[in-house]
Amino acid sequence: MVAGTPLLLATTGEVICERSGILNLGVEGVMAMGAVVAFIVTMTTGHPWLGVLAALAAGMMFSIIHAFASITLQANQVVSGLAMTMLGLGLSGMLGKPYVGKPLSIKMEDWVIPYLSDIPYLGEILFSQGPFFYIAIFLALGSWFLLERTRLGIQIRSTGENPKATETQGINVFKLKYLSVIIGGGFSALAGAHLSISYSKSWIEGMTAGRGWIAIALTIFALWNPARAIWAAFLFGGIFVVQYLLQPLGISPNFLAMLPYFATLLILLLMSLKDPKKLNAPAMLGESYKSGER
Amino acid sequence: MKKIQRLEMRAISKSFHGIHANKDINLCVESGEILGLLGENGAGKTTLMNILYGLYQPDSGQIKINGKTIQINNPVESINQGIGMVHQHFMLVQNHSVIENIALGYKDTPFFFPKIKIRDKVEQFSKQFDFHIDVTKKIWQLSAGEQQRVEIIKALLNGADLLILDEPTSVLTPQEIKELIAILREMKAKGHMIIFISHKLDEIMDICDRVLVLQKGQIVGDADTKDTDKKSLARMMVGRDIVFNTTKEKLTKGKKNLSVENITVIGDKGLLAVKNISFELFKNEIFGIAGVSGNGQRELAEAITGIRPISSGKVKMNGKDITNKSPRYIYDRGVSHVPEERIRFGIAPGLFLYDNAILKQHHLKKFSKRYFLKYNQVKNHTKTIINEFKVSAHSINSQIRNLSGGNIQKLILGREISEQPQLLVASHPTYGLDVGATEFLRKHLLNLRRQGSAVLLFSEDLEEIFELCDRVAVIFDGEFMAVLNSDDKRFSDIGLMMAGSKRIDPMERKE
Amino acid sequence: MIKIKTTDRYNITTLRSFMTIILSLLAALVVISIIFLIAGANPVYAISEIFLGSFGSYYGIKETITKAIPLILIGSGLTLAFRAKFWNIGAEGQMLMGAIFATWTGLTFGEALPSYLIIPLIFLAGFIGGGLWGIIPAILKIKYSINEVISTLMLNYICAEFLTMLIVGPWKGKTRFGFPGTNNLPDSAILGLIPGSRIHYATLILAIICAIVLSVIIYKTRFGYEARVVGENPEAGKYAGINFLKTSLILMAISGGLAGLAGVGEVAGIHHYLGYPASISSGYGFTAIIVAWLAKLNPLYAVVSGIFFAGILVGGDAIQISLGLPAATVEIVNGTLLIFLIMGDYFLNNKITLRFSYGTKDSLKIGIK
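Line order of the protein sequences matches chains L, P and G.
Heads up: the first sequence begins at 1 in the numbering used here, then just goes up one per residue.
Heads up: the second sequence begins at 1 in the numbering used here, then just goes up one per residue.
Heads up: the third sequence begins at 1 in the numbering used here, then just goes up one per residue.
For reference, chain L alone in the conformation it holds in the complex (with noise of 0.2 Å):
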């Protein structure tokens, strides 16, 4: 469950993204980012949910870059998002070198339900969890009503199919892209933050360990849903914690190691095997758009 929670709150704010048109690979270092930042907070302050705030705030800025440069530059959004990865990473690990291996002591208490975590083992395991397991079903869930049942929704996902025809509407479709991007990334940087100081409690550089590629993956395979991303990102997040299960059996940790990686593989396999036509990508997902002018 745990470890399932960055892989969702980074997914949900990919799903944002991507459905405004824009790609973004660069999760992975705007995590990294927001875990650094969140960490370095709250050992400061002494107050982890500032770290959550500041990590946030951070994951935001930095995402300008690359919306900067996809949108308003119309650069290509591979390039920009890998170049975000580098810097993402880099900057954290510059940032972190001081904090390594120091362990956080503040902790963010388990938020317990009442009466509902009192159920019999389902009750353990969904009600009375770590903050960010709340927070990142309520972003997915709330992602999900914001696009599907909103007016705003409607833009963003027209502006991700259509951007011509959502601009001759006379809706901004600069803007919303930028909205989208930063969202996202603020989504990711949360990721990032409960990485550091719920999960681990530390900081080590390239703790992010490939989430956020497994993120981009898993937009994919929640066909750009929110909702679906919820049970998509948990399943993942047991692979995760099956090495960990299946290690005691004597199997190769390194074998183990793989997991993740190989399932994100066959399960794009078995989606495309399923629906050859990926119905439900947005049409113009990393096309860059020029406004108007002909």
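Hint data in this document are derived by calculation from the structure and do not stem from the laboratory.
Keep in mind that a hint or two might mislead.
[Claimed, not checked] Lysine-lysine pairs mimicking BS3-like chemistry, simulated, CA-CA at most 25 Å apart:
1. 238(G) x 325(P)
2. 220(G) x 365(P)
3. 246(G) x 325(P)
Fit chains P and G to the known structure of chain L by using the hints.
Frame of chain L; chains P and G shown alone:
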């Protein structure tokens, strides 16, 4: 009380890259009036309307509503003023439902649960004008006529008094055109004003009260439709007399060239696009396939040229089976193709002119030796094409995307014809070309015919079909409604055939 | 009021391209300096240290060339892949796979064969290994529409784990400083070095030859032409009768194979044994992406670009020691450079004019020189 009683555009001018798209245009339209804007492709009609709709800003001139000068800086302001526009290429999101598309355009869409809340309003509007649309359907599931109606609803919902329609009938069947005309007359009776852009004389004469003729960005004619006739309008539009019937030389049909036997082809959405079509082509002949775009033409062309798989049936070229062979194999058997969407399929935009000039021919011995390309040959070949087909370009070393659409088309045509194909499949080859280029292209098609090739011509332009073709087939919903000689009198019903209402059994053929 | 107008630029001259790159790099330099300041280092000192460290001494130059070898190899391979818009970010894994194949070949046959036989063999093995690992994502993309960014990336991780599995398991040899690894390669399989340096000249020559060959392939052969068409407009490629599967397989085999060669170079030339993945590939696969981009996807330019980035790596090592900056600094430098290069492209393709509201005075600003 209508918002707009009278709209005026005064001395509007607009240039792009130094070319005048609109020059000193004066226009006015009043409540309850249908004004036609007539002109060829590129005359400046769409530009003018885009200015009115707020997508472009005029370089000079003013817009006045009810006598007051106003500024329209973007579509939102235009909508607020009571102007609505239905574009030639619908501005709809294919994957979304009707309701979602309307919600996108409607300015008073509520933030929460928009779909549910505006549904009633939409259905109310639909009833008013007798539209019957299932609002939950996705756009791609609707017919062109229905999609257009969604666009109209969008405009009306926002309170449009002036409705601008840009080439609205280009995608409609004759039946749908009749329905549209009825709707427009209804709106006119209610006091709306309509600007109807078209290049089709019949429609303008039929529907509009007045007509403005544009040529090369300027107004060259202004008349009430009851006071003028087709010929005068046509002359104003082109600047010279159009001959409506050219005579092409009579040629005896040569040997059988292409043979299509009972083929079925599946389209993009998984449905059958071509249903059991059979026909034969002969040398020295141009065979035309007429029909509204979207009835299987593209799939048929792609199937014959090897881009799309054929589910059943056979295609043979000179007796050899080319069913489902690779595009290259088919090309090597003498079949050339000028594709429908030439920019999308025909060129590699970022590559240079000479790279594109051999796009389909690069594997031929004369351009490549083993693994290497003989660039000298390639460049010479390119120069030949440019000269022969009068492609205007700075140099063959410039990127092809810098050329105008017409020139790109000429290059593609030159490329495809250069190898003396036995069969040329031409999909809407003159679409979007100016008069000069169109004439040029048609001349070349006739040349090919004279030289012994066969031409399979797909076109929506009936004038073109009858001018060029020896035999004509009408396609509707993936089937041939009729296959007749082009001078067959039964083609007076071609409108019905194109709409699927009339079918002529091959056995009935007068031969 | 300032109005910004952008228009397409039609004629992009080589000079303009070059100037834009220089400007982008300078701009990046400014930002990097700021970052250095924040990190508490004197930017002028830091940057000069980087250049001195890599080009200012004999030792520096030798190290730079050593590091440039894999970058040139992988970078030129990437120019081919990227031109076909095949985003190969799996060069790390391809490198490792090449190293694995080469090590196996070296350990198994090295004892029995003389140098002039075994060395070509290990390079061949490396090429095959990397090529195979590169073909997999190509198949996945064509047959199963799996996005190559994800597949190449996942394969990186998988290969890394696979390698670790080998060196702690069946291939375990002597341990060094507590880190696992295979046994040393037999002497015959070890690449000769230019005396006094760590430059394994065989691979260096190979790298330059590959860059030249690749350049010929891209611009002069039918295959290169087809790859470029596919990258520009896949629809046109289909129409032109280009076989996507064949083209993608070949280009990924080449790109992966070249990365594999780089892997061989690292193992047989520098380490002489197969150890932890990170020590073998050292992020070369990712850095090579920027190398290719800076080279504007031209394999010949990749040689220069490779040397440039190798310099940054070496210089980065230098300031780590002298200024105590973390290893991640290099990533920051790379990332910033890449971002500014991308942004520079925009100014190259578009003319920017600023117009001031009073009067019609047009003032030309950035991008027009």
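Here is what the structure says about each hint:
| no. | hint | in the structure |
| --- | --- | --- |
| 1 | 238(G) x 325(P) | holds, 13 Å |
| 2 | 220(G) x 365(P) | holds, 15 Å |
| 3 | 246(G) x 325(P) | holds, 16 Å |
Hint compliance for this structure: no hint is broken.
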